[in-house]
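Visitor: With the hints as extra help, turn the sequences into a complete structure.
Protein chains in written order, with the numbering used here: chain A, 62 to 308; chain B, 7 to 261.
Mixed in with the good hints, there may be bad ones.
Think about it this way: if two alpha-carbon atoms lie no more than 16 Å apart in a straight line, the pair counts; the simulated EDC-like pairs of lysine to aspartate or glutamate are [as the list claims (entries may be wrong)]: (1) B:K163 to B:D188; (2) B:K61 to B:D25; (3) B:K76 to A:E182; (4) B:K51 to A:D127; (5) B:K51 to A:E182; (6) B:K51 to A:E176.
Some but not every residue of chain B turned toward chain A, in silico, with C-beta under 10 Å [claimed, not checked]: (7) S16; (8) N19; (9) G43.
If you anchor each label on the Cβ, the simulated ranges turn out as follows [as the list claims (entries may be wrong)]: (10) B:K117 to A:F77: 25 to 31 Å; (11) B:D70 to A:Y271: 25 to 31 Å; (12) B:K76 to A:G275: 29 to 35 Å; (13) B:L139 to A:P105: 29 to 35 Å; (14) A:L87 to B:E225: 39 to 45 Å; (15) A:D97 to B:F24: 33 to 39 Å; (16) A:A276 to B:K177: 26 to 32 Å; (17) A:A276 to B:N205: 26 to 32 Å; (18) B:A138 to A:G275: 26 to 32 Å.
Calculated from the structure, these hints are not laboratory results.
Glycine included, each C-beta is placed from N, C-alpha and C at the ideal position.
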Amino acid sequence: MKYLRNIGRYFLMLGFVFRRPKKFRLFYRQFIREFDEVGINSIPLVALMSTFIGAVIALQTASNIDNPLLPSYTVGYITQSSIILEFSPTIMCLILAGKIGSNISSEIGTMRITEQIDAMEVMGVNSLNYLILPKVAAAFIYFPILVIFSMFLGLSGGFLAVVISGLLSPQNFVLGLRSWFDTYNIVYALTKTVAFGFFIVSISSFYGYYVKGGALEVGKSSTRAVVVSSVVILIFNFIITKLMLLK
Amino acid sequence: MIEAKGINKSFGNQQVLFDVSAQFHPGKVNLIIGQSGQGKTVLAKCMVGLHHPEKGEILFNGKDFLSMDKSSQSNLRSEIGMLFQGSALFDSMTVEENIKFPLSMFTKMSKKEMQHRVDFCLERVNLSGKNALYPSECSGGMQKRVGIARAISLNPKYLFCDEPNSGLDPKTAIVIDNLIRDITYEYHITTLVITHDMNSVMEIGDNILFIHQGKKWWEGDRKSILTSDNPEINAFVFASEFMKEIRSTLKGQKR
Numbered sequence: 062m063k064y065l066r067n068i069g070r071y072f073l074m075l076g077f078v079f080r081r082p083k084k085f086r087l088f089y090r091q092f093i094r095e096f097d098e099v100g101i102n103s104i105p106l107v108a109l110m111s112t113f114i115g116a117v118i119a120l121q122t123a124s125n126i127d128n129p130l131l132p133s134y135t136v137g138y139i140t141q142s143s144i145i146l147e148f149s150p151t152i153m154c155l156i157l158a159g160k161i162g163s164n165i166s167s168e169i170g171t172m173r174i175t176e177q178i179d180a181m182e183v184m185g186v187n188s189l190n191y192l193i194l195p196k197v198a199a200a201f202i203y204f205p206i207l208v209i210f211s212m213f214l215g216l217s218g219g220f221l222a223v224v225i226s227g228l229l230s231p232q233n234f235v236l237g238l239r240s241w242f243d244t245y246n247i248v249y250a251l252t253k254t255v256a257f258g259f260f261i262v263s264i265s266s267f268y269g270y271y272v273k274g275g276a277l278e279v280g281k282s283s284t285r286a287v288v289v290s291s292v293v294i295l296i297f298n299f300i301i302t303k304l305m306l307l308k
Numbered sequence: 007m008i009e010a011k012g013i014n015k016s017f018g019n020q021q022v023l024f025d026v027s028a029q030f031h032p033g034k035v036n037l038i039i040g041q042s043g044q045g046k047t048v049l050a051k052c053m054v055g056l057h058h059p060e061k062g063e064i065l066f067n068g069k070d071f072l073s074m075d076k077s078s079q080s081n082l083r084s085e086i087g088m089l090f091q092g093s094a095l096f097d098s099m100t101v102e103e104n105i106k107f108p109l110s111m112f113t114k115m116s117k118k119e120m121q122h123r124v125d126f127c128l129e130r131v132n133l134s135g136k137n138a139l140y141p142s143e144c145s146g147g148m149q150k151r152v153g154i155a156r157a158i159s160l161n162p163k164y165l166f167c168d169e170p171n172s173g174l175d176p177k178t179a180i181v182i183d184n185l186i187r188d189i190t191y192e193y194h195i196t197t198l199v200i201t202h203d204m205n206s207v208m209e210i211g212d213n214i215l216f217i218h219q220g221k222k223w224w225e226g227d228r229k230s231i232l233t234s235d236n237p238e239i240n241a242f243v244f245a246s247e248f249m250k251e252i253r254s255t256l257k258g259q260k261r
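Guide: Next up, the structure:
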């Protein structure tokens, strides 16, 4: 019953979020702040994770392929598929759900318990629209950028790992990367990314906005936001894959 | 004038306010006093629309706030300033940005006009030149004063202050009290202060409403509160042994 009520409240919240901002100048200022503080600040984490995971995927694939019938460039192909189809759009978003989701939830939750949101409401400001819409709008932009960046660095990490360790020639790895490459996979990956970005930001905002109590509850709501966002990402990963890849 | 008529408010099965009615007059500092957990803040939050009472009317100059449509409520809210217990300053913004926030949200002022207004409000609360500080860099008293500056930035007709002295030393508390009183008289605002600080009651209380067990228990001014025969009011006002001694002295003088 509580879950159903939360789902209802979540959709009601979205109704207030997606309204025309009262002042576009303020919306734009918040949008830039979110883009910078959340999006740009996530670049080091994305870079580090993507490079090393890309390298490990390539090395593991190379070490597991011992069938002489499989061409060596298969390593490049599998690395490309793993990174573009699953690692960058899904696993990276799960990692970002932890970083960005807890950040958003605790920021809004703290504003709630310190009555900053009440102060906005008393002034007559639509606090949901003012606080959450710029976060959602910024997420629509920075999530795809981060994921494209992650794809590039993941593939670069794989390339460097196999070439430096001498498991494969650069030409063979690149041949693998280009084999059976389908641009539709990029469309599929970015579609997932936009959806996941939206879920991370909106669900985390929801748990922060409706927190009650003190600092302890803010911490709990951050954890809940990350867990729920992750579960929703996993469910929608399955649904979107079924809809887009298995037509 | 603000008028509350028959306000009832419950949280789940627990009723907090029972048929509370009161009038709060312009140009006066109206105090709501009472022990903790008696419903003072709930009553004030019902009046500014943060809580929705099950029954009753909240009239701002005769217009019922609760039955207004959203846009009228929003317009009315821009005439309300509120100082919260913890100041509720936006911690990602500087002092100046905090005061500018309602101006940029609700007015069409130019940057220059806005700057003038911010400087004027800061000067009014004796914080000139503190524009660039963040709330975390301000003391408790400064935060309250910035809260007042933000609350008066839109020239409100109504000012609500929720325990403006909580967490402040007696001297700073009097500074805040005097500031609230001066602003009220100067701009003829209807001011409503929630407090359980007896110093504030004696310093600024023009009209005092005592809330007990969620009901309006007593109403009067700061002189009559000392001579009241109401046992609950006496238990609240003369809670300490020292205050009881003062009361005995007062009674002795009366005889």
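Visitor: Does each hint hold? Answer for all of them.
Guide: Each hint tested on the structure:
For a cut-off of 16 Å, the pair hint linking K163 of chain B to D188 of chain B stands: about 14 Å separates their Cα positions. Only pairs whose Cα atoms come within 16 Å are accepted, and K61 of chain B paired with D25 of chain B is accepted, the gap being roughly 8 Å. With a C-alpha separation of about 12 Å, the suggested pairing of K76 of chain B with E182 of chain A holds against the 16 Å cut-off. With a C-alpha separation of about 71 Å, the suggested pair K51 of chain B and D127 of chain A falls outside the 16 Å cut-off, and the hint is violated.
Distance hint between K51 of chain B and E182 of chain A is fulfilled; the C-alpha atoms sit about 11 Å from each other, no more than 16 Å. For the hint pairing K51 of chain B with E176 of chain A, the CA-to-CA distance comes to about 12 Å; that is within 16 Å, so the pair holds. Hint status for S16 of chain B relative to chain A: violated, with the closest Cβ pair at about 17 Å, above 10 Å. Because the smallest distance between the Cβ of N19 of chain B and any Cβ of chain A comes to about 17 Å, over 10 Å, the interface hint for this residue is violated.
Of the supplied interface hints, the one on G43 of chain B is violated, with its beta-carbon coming no nearer than about 16 Å to a beta-carbon of chain A, more than 10 Å. A beta carbon spacing of about 30 Å between K117 of chain B and F77 of chain A agrees with the range 25 to 31 Å that was offered as a hint. Taken as a hint, the range 25 to 31 Å holds for the pair D70 of chain B and Y271 of chain A, whose Cβ atoms sit roughly 28 Å apart. Take K76 of chain B and G275 of chain A: their Cβ atoms lie about 31 Å apart, and the range 29 to 35 Å holds.
Distance hint check: the CB atoms of L139 of chain B and P105 of chain A are about 30 Å apart, consistent with the given range 29 to 35 Å. Between L87 of chain A and E225 of chain B the beta carbons are some 42 Å apart, a value that agrees with the proposed interval 39 to 45 Å. Checked against the given bound of 33 to 39 Å, the beta carbons of D97 of chain A and F24 of chain B, roughly 51 Å apart, lie outside it. At roughly 30 Å, the beta carbons of A276 of chain A and K177 of chain B sit within the given window of 26 to 32 Å.
Checked against the hint of 26 to 32 Å, the pair A276 of chain A and N205 of chain B passes, with Cβ atoms roughly 30 Å apart. One distance hint, 26 to 32 Å for the beta-carbon pair A138 of chain B and G275 of chain A, holds here, with the actual separation near 30 Å.
Comparing the model with each earlier hint shows violations of hints 4, 7, 8, 9 and 15; every other hint is respected.
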